[in-house]
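These are the residues of each chain, in order.
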Amino acid sequence: MRRVLLSTVCVLVACGGGEQAADGGGDAAATAMASGPRGDGAIAGMVMFTGTPPANPTIDMSEEPECVAKYTGSPTDPRVVVSNGHLGGVFVYVKSGLPAGANYTAPSSPVMLDQDGCLYHPRVFGVMAGQPIEISNSDPMLHNIKAVPEQNRGFNISQPREGMTTTRTFNTPEVMVPFECNVHGWMNAYAGVMSHPFYATSAENGSFSIQGLPAGTYELEAWHETLGTQTQSVTVPETGTVNVEFSFSASTS
Amino acid sequence: MATTAAAFDHVAHAHADTRSFIRRYIFSTDHKIIGIQFLIMSLFFLLVGGTLAIMMRWQLGFPGEAFPGGGVLPETMAPDGVLLPEFYNSLVTMHGTFMVFFAIMPLLVGVYANFLIPLKIGAPDMAFPRLNMVSFWVAMPAGLIMMAGFLVEGGAAGAGWTMYAPLSANPEYSGVSGGQILWCVSIAVLGLSSILGSTNYITTIINMRAPGMTWFRMPLSIWSLFITAILTILAIPILSGAAIMLLFDQLIGTHFFLPPDGGQPLLWQHLFWFFGHPEVYILILPAMGMVSDIIANGSRKPIFGYHSMVYAMIGIGFLGWIVWGHHMFQSGMNPTLGMSFMISTMLIAVPSAIKTFNWLGTMWRGSIRFHVPMLNAVAFVAMFVIGGLSGVFMASTPVDIQIHDTYFIVAHLHYVLFGGSLFALFGAITFWYPKMFGRMMSEFWGKVHFVLTFIFYNLTFFPMHQIGLGGHMRRIYDPTEYEFLLPLQGLNRFITISAILLFATQTIFALNFIISWFRGKKAPDNPWEDTGVEWSTPSPAPHGNFPTTPTVHHGPYEFSSPLVEEDYLMQDRRVSKPATPAAS
Amino acid sequence: MPYDWGLPIAASTFAADIDRLYYMILVITGIAFVIVEVAIVWFLIKYRARPGRKAYYTHGSAKAEVIWTAVPAVVVVGLGILSASVWSHIRGRDSVPPNALPIALEAKQFEWNATYPGADGELGTGDDFTMRNLLQIPVNQPVVVHLTSEDVIHSFFVPEFRVKHDAVPGMEARVWFEATMTGEFSIACAELCGLGHYRMAARVVVQDQAEYDQWLAEQAANQTVASR
Chain A
133 MRRVLLSTVC VLVACGGGEQ AADGGGDAAA TAMASGPRGD GAIAGMVMFT GTPPANPTID
193 MSEEPECVAK YTGSPTDPRV VVSNGHLGGV FVYVKSGLPA GANYTAPSSP VMLDQDGCLY
253 HPRVFGVMAG QPIEISNSDP MLHNIKAVPE QNRGFNISQP REGMTTTRTF NTPEVMVPFE
313 CNVHGWMNAY AGVMSHPFYA TSAENGSFSI QGLPAGTYEL EAWHETLGTQ TQSVTVPETG
373 TVNVEFSFSA STS
Chain B
3 MATTAAAFDH VAHAHADTRS FIRRYIFSTD HKIIGIQFLI MSLFFLLVGG TLAIMMRWQL
63 GFPGEAFPGG GVLPETMAPD GVLLPEFYNS LVTMHGTFMV FFAIMPLLVG VYANFLIPLK
123 IGAPDMAFPR LNMVSFWVAM PAGLIMMAGF LVEGGAAGAG WTMYAPLSAN PEYSGVSGGQ
183 ILWCVSIAVL GLSSILGSTN YITTIINMRA PGMTWFRMPL SIWSLFITAI LTILAIPILS
243 GAAIMLLFDQ LIGTHFFLPP DGGQPLLWQH LFWFFGHPEV YILILPAMGM VSDIIANGSR
303 KPIFGYHSMV YAMIGIGFLG WIVWGHHMFQ SGMNPTLGMS FMISTMLIAV PSAIKTFNWL
363 GTMWRGSIRF HVPMLNAVAF VAMFVIGGLS GVFMASTPVD IQIHDTYFIV AHLHYVLFGG
423 SLFALFGAIT FWYPKMFGRM MSEFWGKVHF VLTFIFYNLT FFPMHQIGLG GHMRRIYDPT
483 EYEFLLPLQG LNRFITISAI LLFATQTIFA LNFIISWFRG KKAPDNPWED TGVEWSTPSP
543 APHGNFPTTP TVHHGPYEFS SPLVEEDYLM QDRRVSKPAT PAAS
Chain C
1384 MPYDWGLPIA ASTFAADIDR LYYMILVITG IAFVIVEVAI VWFLIKYRAR PGRKAYYTHG
1444 SAKAEVIWTA VPAVVVVGLG ILSASVWSHI RGRDSVPPNA LPIALEAKQF EWNATYPGAD
1504 GELGTGDDFT MRNLLQIPVN QPVVVHLTSE DVIHSFFVPE FRVKHDAVPG MEARVWFEAT
1564 MTGEFSIACA ELCGLGHYRM AARVVVQDQA EYDQWLAEQA ANQTVASR
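Chains as they are written, first to last, in my numbering: chain A, 133 to 385; chain B, 3 to 586; chain C, 1384 to 1611.
Hints are supplied without guarantee of correctness; some may be wrong.
[Stated by the list, open to error] Below 30 angstroms or equal to it, Euclidean Cα-Cα: the simulated DSBU-like pairs (lysine-lysine) are: (1) B/523 x C/1437; (2) C/1437 x B/524; (3) C/1491 x B/449; (4) C/1437 x A/202; (5) C/1446 x B/449; (6) B/523 x B/449; (7) B/449 x B/524; (8) C/1446 x C/1429.
Note that these hints are calculated values from the structure, not bench results. Owing to the predicted nature of the structure, the values given are computational and were not obtained by experimental measurement.
Modelling step: build the complete structure from the supplied sequences, incorporating the hints.
Take a look at the structure:
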């Protein structure tokens, strides 16, 4: 595991960039502020990818013409999303360092998980324990949603028609809860269930940001579904933003 | 009326009833009240099972369309009234479970073994009346536990009534956890009830027959219930054991049926069907017995070949233990084993044929009365023949390759269980209603119900043979997903409409049953001019059954006997001329 | 559609044997059915209760009993013997033709993964490749499917081939058949396997040997590209 502590690279500071992967995540932070300790510190960061990214496998969707029609070329399984050396789809969260006994109330606004074109959107997302996940189907066919957590209660439900929505909640923090569709074996998604609102998923340009942290030193972990995890220590000031960079490569994991 | 020395006069005979309401109607030890309790319970579950079937049929006939009134169902079952696949699987499972374990089986055994055995052998009650009461009050909670499956998270069990592991053993595969556990618990509890009941029936028949009621003077209904009780007491513990093993797999990770750690999925199938095939005969033998009583009565003739009828039932009961493998021809079981199971299965056709021809022989040169029980009994024979003959197709292992797990099987089993057992039950309920409630069910509405049921029943289930041959798999939620099933969708729709009409027709029966209870014509002691001992006691039969213990002088079916002027000679009636020998 | 009523078209070598057996049983049971049902209706009409007539008092006839015990016994044992010979041809211990093309088919919720032996015709070698929900086979060539399951019990069913066999986790079944006509058929799952059971379908494509070989070569080329 390679640890990189950088304070120079700064990208989009706006929180929207980092949180866009999980719609409603911003609200999550806002609502939760009321509960546990919070501050004005922030982490802004970038996830890099060095070397040649592994090719994402193409998916043979021919059995679902309605899904194929949603793509121009042949669809691929977006396991490793790299653009210009920046890695998206990395879940970054505060692993430890928050004051003991800090309790954050989960927001009531749901995190959205859509099934569109026989893929999950978003593929990687964070959600607070107790916060609803609203799963919807934008495809005119059956998807089943099977969550196979280890700490939480799993479920296996179906959405046979377009436009259906189902809401489910996890109550115990767990990194990560895998989702799968058994009708379309290639469909995978991952949810990081958190006890606090300090998490983000890197955007396609590799950027992420975590807002509203109280000052302190935290252990920050970055998780990728195939490339493994990395951790680094980060000290967040009373106010202002600390910059962080993670770097993955095909050979490390 | 011949009533001589009572052999069982230490037991209270019919007398003024001083019991409290609760002892009399709730925690009653009177076999007749317990029979009625079972009757109400199982008719309720019959309604539940039927309702589930209609929802299922709706989805098959009109896939993806909202079930009328389905909007009241929670989102986890049917959002906007459209059934979900997981709910459909629960419907399939619960329909089978309720019909087999909580409707047909208790209707035949719980109701009629309880009600008929003491009355027909001339006993005042069961050998163990308290055990009998317990058997009902154990069966009832078992049914409620099963119902509770619909209320827990994840829904009711959804692995089919046959509960094939590993689907049933690991909630990850089915998406159902609580429901699967409740299924196992309910079945194990119900098993206790069946074992208690059977102990009682066997003991009562062996020990409490009235003087003169020799083995071969017993009506065929009693013979059939006796054989059934023996099958039950031997088969049910196997199911209970298997259900508990499955429960352990679900709860404490024993992996009896889960392969990664040495478990064997086929073990479940062997255990289940080792129980399950005798169970099939548990579900049909009592119907055969009661139909024999009714056909003899309706034809005004002694049953044709009484002894071979008894031996045929014993033969069926015996063969029932060595045919279970025919449910597993395509499971990967040793194919040579398949061949031996094929031969034993084919042999079941022999006693079934004997019974069928003997019923025909009974009707031959009879003087047939078309009362409601007789109509239903004859329909039983006509439908059982179809169910029996379609069984030959699946007994033949190569043909079974094509029709196994298709709607052909669904058609077959409904011809036996609905066309067979349920028609017999409509007959039996009408026939013994006066002895239960002291009133007659309406003859007119009984006939209307019979005719409509007979028509819609056949329109519902006969086309299933066709779609099964075409390859329509069982337990699929939406047949239109398969191109080769699309041409069959018209038939599917037809079946659904027929099923809805069939279901609606049962309202007539329900109303007839309920209204007759309060408003029916008062019944005489022997409204059907039958020969059985139970008809010489008042209607409804009083507490203690008989004013004095009857003595039996004749075989069970002395209709049109030359000894008497009437065309029936009751078993306990003494004629001045030397008594005829029992049925030869 | 050619199979609106009755069995689907027969597209494998032993389908005709099975169908013949089916029609034979249909005729025999049909006769039994007609005899019984006609007798019932006839008796109901002829022997209906009429004033002044009493039923004939009899307890049976030993001769009749013997006849209707013996006849069905002989018929069903005969059917059993006929079935047994067809059965051992299809499923017997040594029934798999030695030249059969092996294809591994693994069922899982809710898909069929077919692994082809590649050019060397042997499974478990480096040139194997796997296709999802596609069973592509040559016509007039015996195929033996090595059937397994990853999770629950599924059942491999191709109606036109008269093939059905459960895929049981922890067991490997060998199911052989020989397609007799080119075209496209469906694999259907015939054993309830969970909430996607009704959709667990796969294509079966039967081609001429030449077309099949060409397809095989294309796939082999693709595989090499992918693994590079």
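Going through the hints against the structure:
1. B/523 x C/1437: Within the cut-off at roughly 28 angstroms; holds.
2. C/1437 x B/524: holds (28 angstroms)
3. C/1491 x B/449: violated (51 angstroms)
4. C/1437 x A/202: violated (81 angstroms)
5. C/1446 x B/449: Between residue 1446 of chain C and residue 449 of chain B the Cα gap is close to 37 angstroms, so the pair fails against 30 angstroms, i.e. violated.
6. B/523 x B/449: Holds: residue 523 of chain B and residue 449 of chain B sit about 16 angstroms apart, inside 30 angstroms.
7. B/449 x B/524: This hinted pair holds, its Cα atoms lying about 19 angstroms apart.
8. C/1446 x C/1429: The hint holds at about 23 angstroms.
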